[in-house]
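Engineer: Sequence:
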Amino acid sequence: MLFHALASRTLLISRWMVLLLAVSAGSALAFPTYRYLQVGQFFLPAGGINLLISASQANPHPSSADGEAVDSVITMSDAVLTAEKWRAEGLSNSEINKKAEGLASALRSDGMKFN
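Position 64 of the sequence shown, counted from 1, bears residue number 49 in this note's numbering, the numbering being contiguous throughout.
Just so you know, these hints were derived from the structure itself, not from any lab. Beta carbons: idealized from backbone N, C-alpha and C, even for Gly. Any given hint might turn out to be false.
What the hints assert, rightly or not - With a straight-line Cα cutoff of 25 Å, these simulated SDA-like cross-link-like pairs (lysine to any residue) come out:
#1 Lys83 / Gly25
#2 Lys84 / Ala68
#3 Lys70 / Ser9
#4 Lys83 / Gln42
What the hints assert, rightly or not - Pair ranges (Cβ atoms, derived):
#5 Gln23 / Lys83: 22 to 28 Å
#6 Arg(-6) / Arg93: 44 to 50 Å
#7 Ala(-10) / Val58: 39 to 45 Å
#8 Arg0 / Lys70: 35 to 41 Å
#9 His(-11) / Arg20: 32 to 38 Å
#10 Pro45 / Ser79: 24 to 30 Å
#11 Leu14 / Asn78: 18 to 24 Å
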């Protein structure tokens, strides 16, 4: 909508467009920069626990094989508790992400089997 408004007023290639791009880039990098300053890790959304949440929402009733690990839809608080449990077991961030992605893959591929 903003793009259309700028184009219709022939302001598309102007200082306002440069300002719009600068504000957009700044807002996209604001949280990751803040996180880097606070904890020393530059963060952008990725897979891992996020994939596990979306896979459990896509498949809320998994088969018995996958249901042993997940018996209901995983919420964000459930995912945080799971990640904290895995962290307490001594897993690193990359190992936690790999484990969550594996479980998410099992949930996503669970379904009807065709012979």
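Engineer: Could you say whether the range 35 to 41 Å given as a hint is met by the Cβ separation of Arg0 and Lys70?
Structural biologist: 52 Å, violated
Engineer: Is the Cα-Cα distance between Lys84 and Ala68 25 Å or less?
Structural biologist: 10 Å, holds
Engineer: Hint check: Lys83 vs Gly25, CA-CA at most 25 Å. Holds or violated?
Structural biologist: 22 Å, holds
Engineer: Can you tell me whether the CB distance of Ala(-10) to Val58 sits inside 39 to 45 Å?
Structural biologist: Cβ of Ala(-10) to Cβ of Val58: about 40 Å, so the range 39 to 45 Å holds.
Engineer: If you draw a straight line from the CA of Lys83 to the CA of Gln42, is it 25 Å or shorter?
Structural biologist: 19 Å, holds
Engineer: The hint says 24 to 30 Å between Pro45 and Ser79; measuring C-beta to C-beta, is that right?
Structural biologist: 28 Å, holds
Engineer: Within 44 to 50 Å or not, the Cβ separation of Arg(-6) and Arg93?
Structural biologist: Roughly 46 Å apart at Cβ, these two residues keep to the hinted range, so it holds.
Engineer: Decide if the proposed pair is consistent with the structure: Lys70 and Ser9, CA atoms, cutoff 25 Å inclusive.
Structural biologist: Not satisfied, since the Cα-Cα distance of roughly 37 Å exceeds 25 Å.
Engineer: Can you let me know if the beta-carbon spacing of Gln23 and Lys83 is within 22 to 28 Å?
Structural biologist: Cβ of Gln23 to Cβ of Lys83: about 25 Å, so the range 22 to 28 Å holds.
Engineer: Given the hint of 32 to 38 Å, is the C-beta distance from His(-11) to Arg20 inside that range or not?
Structural biologist: With Cβ atoms ~34 Å apart, the hint holds.
Engineer: Using the beta carbons of Leu14 and Asn78, state whether their distance is inside 18 to 24 Å or not.
Structural biologist: 21 Å, holds
Taken one by one, the earlier hints fail for this structure at numbers 3 and 8, listed in ascending order.
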